[in-house]
Amino acid sequence: MVKARKGTLLECDPAVKQIVQDLDNKKSEAGEKRFILEDLDETHLFIDPCEVEWLQKRLDEILEENTYRFDDVA
Amino acid sequence: MSSSAEVAKGVTNSIQEYLQSLPRQTFDQLYAQPATCLATLRLLPPIAKQVVMRLLYTQKPVAKADVEVWCFPDHRGDLQDSLSKLSRLHICTDYEEHLQMNRIFQENFHNALVGGGDHVSFGQPMNDNKGEVDIALLDRHAAESWETVLHQLVGTPGDRRPKAVTKLLLASGLQEFPDDGGYSETNEHQKMNITSKGFQFLLLDVNVQVWSLLLQYLGLAERQLNMDIVQVLNFLFQIGSLELGQAYSVEPLTDTQRRVMEDLKYFGIFYQRTKKSRKFYPTRMATSLTSGSMVSSRKPEDSQGYIIVETNFRMYAYTDSPLQIAILSLFVSLQARFQNMVTGLITRDAIREALTKGITSDQIITYLTAHAHPELKKQSPILPQTVIDQIRLWEMERNRLRLSGAWLYSDFTDLNEFTQIVNYAEPLGAVLWKNEKRRTLAVTEEGHENVKSFRKRAAAARAGGAGR
Amino acid sequence: MSCAEDINLLAVVVDTNPAAWAAAASDPDRPLDFVKIIEQLLIFINAHLSLKFDNELAIIASHADQSQFLYPLPPADPLDAADDEPSKPANVYKQFFDVDRAVVSKLKELVDDKRTKSAEHENRSMVAGSLALALSYINRIKRANENNSVQSRILILSISPDLPSQYIPTMNCIFAAQKVSTRIDVCRFSGRKYGGESVFLPQASHITAGIYLDIPEPSNLLQYLLYTFLPEPSMRKTLLLPHKDQVDFRAACFCHKNVVDVGYVCSVCLSIFCSLSKKCPTCQTVFPAPK
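Residue numbers (the UniProt record's numbering), protein chains in the order written: chain W, 1 to 74; chain P, 1 to 468; chain Z, 1 to 291.
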């Protein structure tokens with residue numbers, strides 16, 4: 001039977017996808033529910049729509065940590 | 001093409017688009033004024049201008065086939081474009097494979113060329129007895145008025161807030177009230193906030209700014225102020241043919257046109273000594289309005305660049321104008337201010353803040369390039385490549401992930417069924433992602449409804465077929 | 001590279017040779033009315049100015065013994081005195097008004113000038129001098145506008161016969177025009193009693209990639225001007241314009257103004273003669289006698 005699921009399609013580059021999958025794993029280790037419903041391909045993921053907001057915030061935080069800033073260096 | 005030429009083309013195109021949106025009857029009234037005919041001619045592409053000139057003194061209709069051989073074969077496409085523009089602007093009509101020039105346009109253009117006809121289309125000059133108003137004063141007035149308008153937009157403290165300007169800024173979507181309400185007597189003193197469109201507007205070239213406000217004014221005049229659009233347009237085209245530094249009489253202007261002049265005074269397009277004065281002076285902004293050329297090319301002091309950007313992302317701006325500093329603070333983290341200079345750093349945070357306000361990286365780069373210091377302009381590319389690339393990268397950072405609500409279809413037993421649904425959904429633009437090997441498909445939320453009913457119909461057809 | 005944003009400079013050289021125009025007026029087949037010709041020329045000039053707000057213009061009269069600027073006039077000229085300047089009526093575009101007024105009054109002045117009365121009967125026109133004036137003006141405008149590129153061209157309205165004594169100056173002007181990429185267009189009037197074939201002017205058009213046109217029907221002059229001479233240089237590769245197929249490259253001999261196929265050429269100045277002489281009349285070089 002053909003299955004039809006509602007969710008959110010996430011399109012990104014492979015690096016971000018890795019980060020998202022890592023977050024997903026950490027969540028599962030902490031005993032919480034995973035939010036990745038399906039791993040589509042290198043640049044696409046299908047995720048649970050309820051977690052979208054949390055995911056974006058968390059992702060922004062991680063990307064911020066990993067940016068190079070030169071203004072403090074100056 | 002140089003960037004100033006591109007801007008000119010952009011301005012011309014937007015004016016043409018506006019004119020093409022007008023109904024046919026309006027054109028007959030518009031072309032009754034020779035100044036409008038002249039201004040419209042100058043807006044046309046070169047081939048169209050030549051066609052107009054050739055048909056100007058031709059009485060009988062000219063066969064289209066004859067016109068087509070005027071050009072070399074490889075430029076026929078351009079000729080066709082020009083002919084269609086001419087017919088959309090109702091200068092030439094296309095009737096039974098013959099081209100005929102609009103009689104009204106023809107007659108009034110003749111009048112323009114030979115200086116005949118009973119009209120006051122080109123402005124009635126008056127002598128300036130007191131001799132106080134000279135070009136320098138007009139330039140100053142224009143610059144100050146325009147800066148005041150921009151100050152009002154940015155929200156820097158200033159005392160002059162003419163109603164006409166406020167109304168126009170609100171109507172063109174450049175400013176909005178915090179409660180998103182309209183303009184009314186009660187909230188007219190409330191402080192307005194600049195919108196994302198407003199931010200982008202600030203970074204535009206001054207000619208584009210003037211024209212986009214004028215086009216908004218035209219729209220406003222039509223919808224809200226009940227003004228006769230023909231008179232307004234005629235007036236605007238007339239001022240493009242006036243001479244800078246010459247006084248013109250208010251007498252020949254209609255009431256509508258006088259009102260337009262009152263309103264546009266606040267934008268620095270006109271100067272009038274007092275409200276009741278019988279004469280008015282067009283400023284440089286007015287005279288170069290319909291010329292399609294750059295105000296800056298005639299005003300060397302204004303187009304002098306003042307920004308220096310270094311490869312280490314430091315920025316130095318040799319200016320003390322609060323407006324320019326306010327604009328710079330939109331996307332640069334200002335660090336120190338001196339008497340004649342402001343220094344800052346182009347930081348990720350500052351750029352990201354600008355990006356959230358709706359300004360694009362292209363606009364920032366264009367603005368910096370346009371106002372670059374002459375020393376910087378000697379090198380190529382004008383801004384350091386590292387800075388340009390980094391600004392673009394910071395913009396791309398914000399687009400790292402794209403989210404869209406979707407329905408995932410999987411577990412298709414029958415490949416045919418899968419292909420059928422894909423072929424149905426793709427032309428609708430509903431397919432976000434598909435993978436044939438895994439027989440999985442993602443459709444948009446809107447597409448889901450269509451696909452659902454399609455599947456029902458297909459299943460019914462199969463059941464009906466199988467039942468036979 | 002020419003492009004649509006350039007400033008277009010048109011320099012018009014009007015042949016005002018009184019003797020030729022007088023002959024043309026009384027021509028039995030195709031009489032020409034000088035006033036009507038000037039009227040049509042002014043409309044053409046206004047058309048040129050109306051195409052773009054920054055189109056530039058210069059008009060030079062090529063008279064029997066002098067060349068004069070008709071427009072623009074030098075600032076100190078009494079014609080520009082602000083006090084008795086007639087105020088512009090509201091139905092005339094200022095630029096057109098200025099040009100028309102200047103041309104008409106200067107022409108009147110030229111015709112009334114007592115000094116040229118003596119030269120009136122000579123059937124000649126100082127084309128070379130006018131070309132030189134035009135080229136200097138073009139050069140000045142080009143220098144003043146170094147940021148924008150200026151597309152320049154010269155239009156000669158010609159009715160006088162070629163002057164053999166002016167061969168060298170004319171040719172020099174033509175080559176100078178070629179150097180500053182200025183096209184020379186020629187509009188030639190000919191009838192039974194006036195005009196006639198010109199040998200230098202078609203060469204001018206040919207060398208500078210201009211257009212040479214013999215006007216078959218002078219009453220339609222305006223149409224010819226608008227069709228052929230109005231398009232600016234950047235439009236010339238788009239529009240199909242007439243060109244002279246066969247240019248008479250034969251030179252005229254300088255002694256008798258006969259067209260020669262074979263002649264003697266001075267090795268110094270390249271002037272052409274039909275017969276041998278000891279001294280070149282043009283550059284005064286003495287030739288050694290043939291041994």
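Calculated directly from the structure, the hints in this document are not laboratory data. For clarity, every value in this text was computed on a predicted model and none was experimentally measured. Treat the hints with caution; some may be incorrect.
[Stated by the list, open to error] Here are a few chain P residues that face chain W, going by a calculated C-beta distance under 10 Å:
1. Thr26
2. Thr166
3. Lys167
4. Glu397
5. Gly405
6. Trp433
[To be verified] Part of the chain W face toward chain P, derived, beta carbon under 10 Å:
7. Leu9
8. Glu11
9. Cys12
10. Lys17
11. Leu23
12. Leu40
13. Phe46
14. Ile47
15. Cys50
16. Leu59
17. Leu63
Heads up, the beta-carbon is just placed ideally off N, CA and C, and yes, glycines get one too.
We went through each hint and held it up to the structure:
| no. | hint | in the structure |
| --- | --- | --- |
| 1 | Thr26 | 48 Å, violated |
| 2 | Thr166 | 38 Å, violated |
| 3 | Lys167 | 39 Å, violated |
| 4 | Glu397 | 7 Å, holds |
| 5 | Gly405 | 6 Å, holds |
| 6 | Trp433 | 5 Å, holds |
| 7 | Leu9 | 4 Å, holds |
| 8 | Glu11 | 4 Å, holds |
| 9 | Cys12 | 4 Å, holds |
| 10 | Lys17 | 9 Å, holds |
| 11 | Leu23 | 12 Å, violated |
| 12 | Leu40 | 6 Å, holds |
| 13 | Phe46 | 5 Å, holds |
| 14 | Ile47 | 9 Å, holds |
| 15 | Cys50 | 12 Å, violated |
| 16 | Leu59 | 7 Å, holds |
| 17 | Leu63 | 7 Å, holds |
Hints 1, 2, 3, 11, 15 from the list above are not met by this structure, while the remaining hints are.
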